[in-house]
Amino acid sequence: MWLRRFMPAAIAAGLAFASALLLASCRQDMQDQPKYLPYRGSEIFPDSLSSRSLVEGTVPRGYLRDDQELYTGKTGANVAPTAPTATAAATSASGTSAVSTQPAAATGNDVNEFPFPITREILDRGQERYNIYCSPCHGVLGDGRGMIVNRGFRPPPTYHQDRLRNAPLGHFFDVITNGFGAMPDYSMQIPPHERWAIIAYIRALQYSQNANIADVPPDQVQKLK
Amino acid sequence: MPQIFKKSTNAIARASIIGSGAISVLAIYMIFIGIPRSSYWNQTDLIKTQPVQFSHKHHVGDDGIDCRYCHTSVETSASAGMPPTKTCMNCHSQLWATTTYLEPVRESWKTGIPIKWTRIHDLPDYVYFNHSIHINKGVGCATCHGRIDQMPLVTQVASLQMEWCLQCHRAPEQYLRPRSQVFNMAYTPPANQLELGRKLKKEYHVLGSDVLTSCSTCHR
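Residue numbers (the numbering used here), protein chains in the order written: chain L, 1 to 225; chain V, 1 to 220.
Bound-form chain L, shown alone:
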């Protein structure tokens, strides 16, 4: 009799306890931990960036720019050192720390040799990077008729003109690094070594559009006929 009277209440209590446990398991404490992950905002700083930009003058390991020709494309002593923080500023989600600056007036001390030997792999890498970052405006041929130009962006000059065929390599490096005219700088999107790879590919493009039959190796001529 006692059992029969209290059984329903016991079952109800048991069910309530079980469902309370089930509900408790829906808590998401471990899913959303109070820690900073990339691009997770912060309430501490007014610009709400949790990844802070580097303190000016800081050189992260591996970012010491001790090779002037590699990192500026210029020779001589009159080159203003570029801040090492410029490339590392990728941590700044707003990116405003690397405001593009107009290139210094042609100083005539642009290097005209690659700072490292260009191999087939580097040229292929340059082609890949060119197609990612440059072809939207400059076109896959380098004729300055890319898709973004079709959309109304100010057209860049074609690479296939004497002025740019004769331009020293360092000029291209300077333009990629600092921007030129309507072109913004790509210092945050393209690391220095890849800028050189792209420049190598630009040279290859220039040769490809300015070649005659005498440039073709004799054993390949038959293929073209």
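Each computed DSS-like pair below joins lysine-lysine, with the alpha-carbon atoms no more than 25 Å apart:
{"hint": "1", "chain 1": "V", "residue 1": "Lys116", "chain 2": "V", "residue 2": "Lys57"}
{"hint": "2", "chain 1": "V", "residue 1": "Lys48", "chain 2": "V", "residue 2": "Lys116"}
{"hint": "3", "chain 1": "V", "residue 1": "Lys116", "chain 2": "L", "residue 2": "Lys35"}
{"hint": "4", "chain 1": "L", "residue 1": "Lys35", "chain 2": "V", "residue 2": "Lys48"}
Listing some non-contacts, in silico: residues in chain V with all C-beta distances to chain L over 10 Å:
{"hint": "5", "residue": "Ile4"}
{"hint": "6", "residue": "Ser8"}
{"hint": "7", "residue": "Ala15"}
{"hint": "8", "residue": "Ser16"}
{"hint": "9", "residue": "Ser24"}
{"hint": "10", "residue": "Ala27"}
{"hint": "11", "residue": "Ile47"}
{"hint": "12", "residue": "Tyr101"}
{"hint": "13", "residue": "Arg147"}
{"hint": "14", "residue": "Leu166"}
{"hint": "15", "residue": "Gln181"}
{"hint": "16", "residue": "Gln193"}
{"hint": "17", "residue": "Glu203"}
By construction, these hints were calculated from the structure, which means they are not laboratory data. No residue lacks a Cβ here, since even glycine has one placed at the ideal position from N, Cα and C.
Here the structure of chain L is known, so what remains is to put chain V in place on it, guided by the hints.
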């Protein structure tokens, strides 16, 4: 009590026993399988409001801009990299430069305060996903993200449940593609996918499923 219950009521009583059993089975199925796998629970196909209605279909599909133009760190780090406002301004300093549509972008550019995008793919904080290892081992963007180039607004395609991760980590050869095709949105796997996948798995030194399904591969 025949005055209250007719004899046929017995049949209803029997049916209700079977019926409640069926309902219990259905309920258990829904709680453990049906709901957790539903698009409602996983928030797949859910459109989320963004400060700017950025269209991947326009930028990737119509303009042909490579994923890496904006997601620069996808090949080298865990995070694919959200582009800074600077990247938007590369083109939008001139294109649509006066539209109210892009006012939040210009506002961010002027103030230096980043645009607060709403995250679509939100893994639990105890999962340490790394984009670069997947890219470098031949997992295509579209394998997990779907046809981004056809999405005016990005939605999550995969469930991102652990069982979804594991069905590839147990047998990656089902999905691997040549590295040159990783960023190709329109890539379709060949008929001999398993054969190709096994070859690529060896070539790219993809570790065995014993390692790939080890807890500490994804959880630390």
